[in-house]
Amino acid sequence: ETGVTQSPTHLIKTRGQQVTLRCSSQSGHNTVSWYQQALGQGPQFIFQYYREEENGRGNFPPRFSGLQFPNYSSELNVNALELDDSALYLCASSFKEEAGNEQFFGPGTRLTVL
Amino acid sequence: ELKVEQNPLFLSMQEGKNYTIYCNYSTTSDRLYWYRQDPGKSLESLFVLLSNGAVKQEGRLMASLDTKARLSTLHITAAVHDLSATYFCAVDNWAGNQFYFGTGTSLTVIP
Numbered sequence: 001e002t003g004v005t006q007s008p009t010h011l012i013k014t015r016g017q018q019v020t021l022r023c024s025s026q027s028g029h030n031t032v033s034w035y036q037q038a039l040g041q042g043p044q045f046i047f048q049y050y051r052e053e054e055n056g057r058g059n060f061p062p063r064f065s066g067l068q069f070p071n072y073s074s075e076l077n078v079n080a081l082e083l084d085d086s087a088l089y090l091c092a093s094s095f096k097e098e099a100g101n102e103q104f105f106g107p108g109t110r111l112t113v114l
Numbered sequence: 001e002l003k004v005e006q007n008p009l010f011l012s013m014q015e016g017k018n019y020t021i022y023c024n025y026s027t028t029s030d031r032l033y034w035y036r037q038d039p040g041k042s043l044e045s046l047f048v049l050l051s052n053g054a055v056k057q058e059g060r061l062m063a064s065l066d067t068k069a070r071l072s073t074l075h076i077t078a079a080v081h082d083l084s085a086t087y088f089c090a091v092d093n094w095a096g097n098q099f100y101f102g103t104g105t106s107l108t109v110i111p
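One line per chain: the protein sequences are A and B, in this order.
Just so you know, this note's numbering puts 86 at position 86 of the first sequence, and the rest follows in order with no gaps.
Just so you know, this note's numbering puts 99 at position 99 of the second sequence, and the rest follows in order with no gaps.
Just so you know, these hints were derived from the structure itself, not from any lab.
Below are the DMTMM-like pairs computed for lysine to aspartate or glutamate, each with C-alpha atoms no more than 25 Å apart in a straight line:
| # | chain 1 | residue 1 | chain 2 | residue 2 |
| --- | --- | --- | --- | --- |
| 1 | A | Lys96 | A | Glu54 |
| 2 | B | Lys41 | B | Glu15 |
| 3 | B | Lys56 | B | Asp30 |
| 4 | B | Lys41 | B | Glu58 |
| 5 | B | Lys17 | B | Glu5 |
| 6 | A | Lys13 | A | Glu82 |
| 7 | B | Lys3 | A | Glu54 |
| 8 | A | Lys96 | A | Glu75 |
| 9 | B | Lys56 | B | Glu44 |
| 10 | B | Lys41 | A | Glu75 |
| 11 | B | Lys3 | B | Asp38 |
| 12 | B | Lys3 | A | Glu102 |
| 13 | B | Lys56 | A | Glu102 |
| 14 | B | Lys17 | B | Glu58 |
| 15 | B | Lys17 | B | Asp82 |
| 16 | A | Lys96 | B | Glu44 |
| 17 | B | Lys68 | A | Glu102 |
| 18 | A | Lys96 | B | Asp30 |
| 19 | B | Lys17 | B | Asp38 |
| 20 | B | Lys3 | A | Asp85 |
| 21 | B | Lys3 | B | Asp30 |
| 22 | B | Lys56 | B | Glu5 |
| 23 | B | Lys68 | B | Glu1 |
| 24 | A | Lys96 | A | Glu53 |
| 25 | B | Lys41 | A | Asp84 |
| 26 | B | Lys41 | A | Asp85 |
| 27 | B | Lys56 | B | Asp38 |
| 28 | B | Lys41 | A | Glu82 |
| 29 | A | Lys96 | B | Asp66 |
| 30 | B | Lys3 | B | Glu44 |
| 31 | B | Lys3 | A | Asp84 |
| 32 | B | Lys17 | B | Glu44 |
| 33 | B | Lys3 | B | Asp66 |
| 34 | B | Lys41 | A | Glu102 |
| 35 | B | Lys56 | B | Asp66 |
| 36 | B | Lys56 | B | Glu15 |
| 37 | A | Lys96 | B | Glu1 |
| 38 | B | Lys68 | B | Glu5 |
| 39 | A | Lys13 | A | Asp85 |
Let's have the full structure, built from the sequences with the hints guiding it.
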């Protein structure tokens, strides 16, 4: 069974730039959620994708957008980067039809905005 | 907005001792999740609690859920150094499309 993978591992960008982060779901999972985790804080839910559509969204502005592909992999796009976007970005996959929503997390992408 | 609070935020305990981490949440939810995060690493799923009164145990960790009190506990028995990590609880909404994490409890087990 293949776990959740993310790329890249680390990324440095400057203010105003755009970034795309990628996530491959665990085999057999159909749902991907993205989280932002600032240093010393808990993960903040950005959004969830299910069947290639945004299925739920946290309190993040529209410059945070995403995609889910037919193979259930996903992208997180962030436009007009701000300094406060510096964080660890985590994706998590799950199988929605099962009772509960146990999520399995990828290793994360560390984004630094200068 | 649903809020999830954990206490304590920081916990330093000696090996062999017992302690409990508390997780309170602000709205009705029948599902609660516990995760572990090691420094610089991702989150590892520990427990999924799906109903009132649910109790799960794995090794020295035991988690329980009281949905009426909106409270979950993570009990640590006879702590060992390998349990040093940050522990998060999380809840989701009824549709399972919004997730809320607690502030985390940073646990250090001292030999």
